[in-house]
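Kindly generate the complete structure, drawing on both the sequences and the hints.
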Amino acid sequence: MSLWESARIAIRGLRGNTLRSALTMLGIIIGVAAVIVLVAFGNGLQTYVAGAFGPLANQIQITKDQQVTGAKDLTDADVRALRSPSRTPAVAAVNPSVSGAASIQLAGGGQVRTSLTGTEADYLEVANRELVVGSFFDAQQATNKAKVVVLGPNPVATLFGGQAGEALGEQVRIGRTTFRVIGVLAGNGQQDDIAVMPLGAARSYLLGGGDVVSSITVRAVSPEVVPQALEQVQAVLDQRHGIREPQDRDFSATALQSLLDQFSQVLTIVTIFVAGVAGISLLVGSIGVANIMLVTVTERTREIGIRKAIGARYRAILQQFLIEAMVLSGVGGIIGILLGIGLSLGAGAVLGQLVDEFPAPAVSVGSVVLAFGVSLVIGLLAGGFPANRAARMRPIDALRHQ
Amino acid sequence: MIELEHVSKVYSTGAVSLRALDDVTLRIGNGELVAVMGPSGSGKSTMMNILGCLDVPSEGSYLLDGEPVAGLSENRLADVRSRKIGFVFQSFNLLPRTSAIRNVELPMVYAGTSNRRRRAQQALERVGLGDRTDHQPNQLSGGQQQRVAVARALVTDPAMILADEPTGNLDTTSTVDVMNLFVELNEAGRTIVLITHEPEVAEFAQRVVTLRDGRIVGDERR
Ligand SMILES: Nc1ncnc2c1ncn2[C@@H]1O[C@H](COP(=O)(O)OP(=O)(O)O)[C@@H](O)[C@H]1O
Ligand SMILES: [Mg+2]
Numbered sequence: 001m002s003l004w005e006s007a008r009i010a011i012r013g014l015r016g017n018t019l020r021s022a023l024t025m026l027g028i029i030i031g032v033a034a035v036i037v038l039v040a041f042g043n044g045l046q047t048y049v050a051g052a053f054g055p056l057a058n059q060i061q062i063t064k065d066q067q068v069t070g071a072k073d074l075t076d077a078d079v080r081a082l083r084s085p086s087r088t089p090a091v092a093a094v095n096p097s098v099s100g101a102a103s104i105q106l107a108g109g110g111q112v113r114t115s116l117t118g119t120e121a122d123y124l125e126v127a128n129r130e131l132v133v134g135s136f137f138d139a140q141q142a143t144n145k146a147k148v149v150v151l152g153p154n155p156v157a158t159l160f161g162g163q164a165g166e167a168l169g170e171q172v173r174i175g176r177t178t179f180r181v182i183g184v185l186a187g188n189g190q191q192d193d194i195a196v197m198p199l200g201a202a203r204s205y206l207l208g209g210g211d212v213v214s215s216i217t218v219r220a221v222s223p224e225v226v227p228q229a230l231e232q233v234q235a236v237l238d239q240r241h242g243i244r245e246p247q248d249r250d251f252s253a254t255a256l257q258s259l260l261d262q263f264s265q266v267l268t269i270v271t272i273f274v275a276g277v278a279g280i281s282l283l284v285g286s287i288g289v290a291n292i293m294l295v296t297v298t299e300r301t302r303e304i305g306i307r308k309a310i311g312a313r314y315r316a317i318l319q320q321f322l323i324e325a326m327v328l329s330g331v332g333g334i335i336g337i338l339l340g341i342g343l344s345l346g347a348g349a350v351l352g353q354l355v356d357e358f359p360a361p362a363v364s365v366g367s368v369v370l371a372f373g374v375s376l377v378i379g380l381l382a383g384g385f386p387a388n389r390a391a392r393m394r395p396i397d398a399l400r401h402q
Numbered sequence: 001m002i003e004l005e006h007v008s009k010v011y012s013t014g015a016v017s018l019r020a021l022d023d024v025t026l027r028i029g030n031g032e033l034v035a036v037m038g039p040s041g042s043g044k045s046t047m048m049n050i051l052g053c054l055d056v057p058s059e060g061s062y063l064l065d066g067e068p069v070a071g072l073s074e075n076r077l078a079d080v081r082s083r084k085i086g087f088v089f090q091s092f093n094l095l096p097r098t099s100a101i102r103n104v105e106l107p108m109v110y111a112g113t114s115n116r117r118r119r120a121q122q123a124l125e126r127v128g129l130g131d132r133t134d135h136q137p138n139q140l141s142g143g144q145q146q147r148v149a150v151a152r153a154l155v156t157d158p159a160m161i162l163a164d165e166p167t168g169n170l171d172t173t174s175t176v177d178v179m180n181l182f183v184e185l186n187e188a189g190r191t192i193v194l195i196t197h198e199p200e201v202a203e204f205a206q207r208v209v210t211l212r213d214g215r216i217v218g219d220e221r222r
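Going line by line, the protein sequences match chains X and V.
The letter at position 100 of the first sequence is residue 100 when you use my numbering, and the numbering goes up by one with no holes.
The letter at position 163 of the second sequence is residue 163 when you use my numbering, and the numbering goes up by one with no holes.
Do not rely on the hints blindly, as some may be mistaken.
Only part of the chain V face toward chain X is listed, based on derived beta-carbon distances under 10 Å [to be verified]:
1. Arg81
2. Arg83
3. Ala153
Restraint ranges, calculated between C-beta atoms of paired labels, are given here [to be verified]:
4. V:Pro39 x X:Asn17: 39 to 49 Å
5. X:Asp397 x V:Val176: 33 to 43 Å
6. V:Ser12 x X:Phe273: 55 to 65 Å
Listed below are the simulated DMTMM-like cross-link pairs for lysine to aspartate or glutamate, each with C-alpha atoms no more than 25 Å apart in a straight line [said to hold, decoys possible]:
7. V:Lys84 x V:Glu187
8. X:Lys145 x X:Asp193
9. V:Lys84 x X:Asp397
10. V:Lys84 x X:Glu5
11. V:Lys84 x V:Glu59
Read the hints as simulated data drawn from the structure, not as lab findings.
Keep in mind the model is a prediction, meaning the values are calculated, not measured.
Built from N, CA and C at the ideal position, the CB exists for glycine as well.
Written as structure tokens, this is what we have:
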């Protein structure tokens, strides 16, 4: 007897009890879909995190450690020392900044309070930001303490009704000095309430503070040499601040990379955990198939007896019930895959509309293959045992079964 | 040609063992129509199941067309059932929720026969149910169901048809219909063994074997 014949008989068997077959499949469908959807969301989140924070991977952030009593301030001299290529060969750029708060006034009325950053010309690159209009100040303007300012989206919203084009070229008063708006930053969702100007200008006209800098951002030559760059930075500052033991340091130097790694590790663990929970529901679905196959075989013992009495061999019976189980879990698996992919894409699209920058779920081929494989294998086992038992029965025993 | 030589069948349930067939020796030649009679529990079905290769003897030997059946594997027994034997049961044993024609096709599916549709149709016409092919068992009367079962038994063209109380669940008219079918099939050359405890049914047979307590106590030809 051919496989094709077995398949036809099996499918007729399943159709004979459509509701039960459908409910059994539902278990598998939900399990497979859940695995796919949850892994897709986890993946999307990881991709998003890597994309959003990836450019920060070669940065080291240095600030004064406020908890150490008598901690020395970070100064311009520290910055110059960090820029020495012989002492910090793994460092590509050093960007100091001062920060404070200031009130911005428009000549025609209108005022907003915002945080103020004084920095150097490579700020955009170091802070991984972009402009919507205009330009950033250049190295020349930075050295000359030019009275120019680049505004973040929040002050532009308050002062210019969000019209970045109108802000460009306007004169604004900050403190007692007039600055020209030369550019507008694109929002990044974290630091939008901001105004950025040359470091020297911020010190001279607004914040004071001599040669003190609030923080220093160091960019390593590449993400791979971040550990070396970190060691070199610490060595320079230890020497300048007279530190002998690492635990006595009065500054903190943190590689963002290690934060990112920790973050993405946590995400991976969460994804695995959630996928595991989904996997359990897949397992439960598969146990449903096993249960139904057991019931089916017991219930249809008489049918098995009839089939054997009219000439069915062991293999024919085995094939029939194996195929029934495989169709249940296979068709359930395929529907589950379609549903899982559909839900991932659909929910991704809807949430993408509702939530700004919602990370798009990314269906992973691995999760599809795994979920489908698991459902098939369990279907095979679940169908295999009762099918084997049924197929081995003596026809007379099967026929006598009530 | 059926040859039972000193066949016994012992059922053991726990400590008790029951000799359902006790040293039975019986030959049935090709083309005979034999009725097996005897009181309930006398071992008729047990003997029939052994003849039909649904069960194997505990002792003694069974030769079917000169070939010993004992020692055949389950698969070889399935092949023997498929090629040589057609079975008719008291309780019809049709597959539920399955049309008459599919029920009749089934033995051919397992035997790998071709032209199944056409042959199943012919078999149903032969038992007078050519217009009921798509009916499911629960849409047919008992007599019609049993005729479907007869069609299923004869569709593979077996040399031997075994029927265990085929008319036990039928009314008089249906009984006569089914028995006439068996007589026709026998006249076409098939060996037919049927169990009954109705003397009117046994009337149709040329030979009546009587069992009691697992032993043959009568074997008369007419
Ligand atoms: N599977 C079995 N297990 C135990 N005893 C059985 C089994 N089948 C039949 N018997 C016993 O064997 C005897 C003969 O049964 P059976 O051949 O069915 O009789 P009949 O068909 O003549 O009524 C009975 O006593 C019955 O109880
Ligand atoms: Mg009986």
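Could you work out which of the previously given hints the structure breaks and list their numbers from low to high?
none
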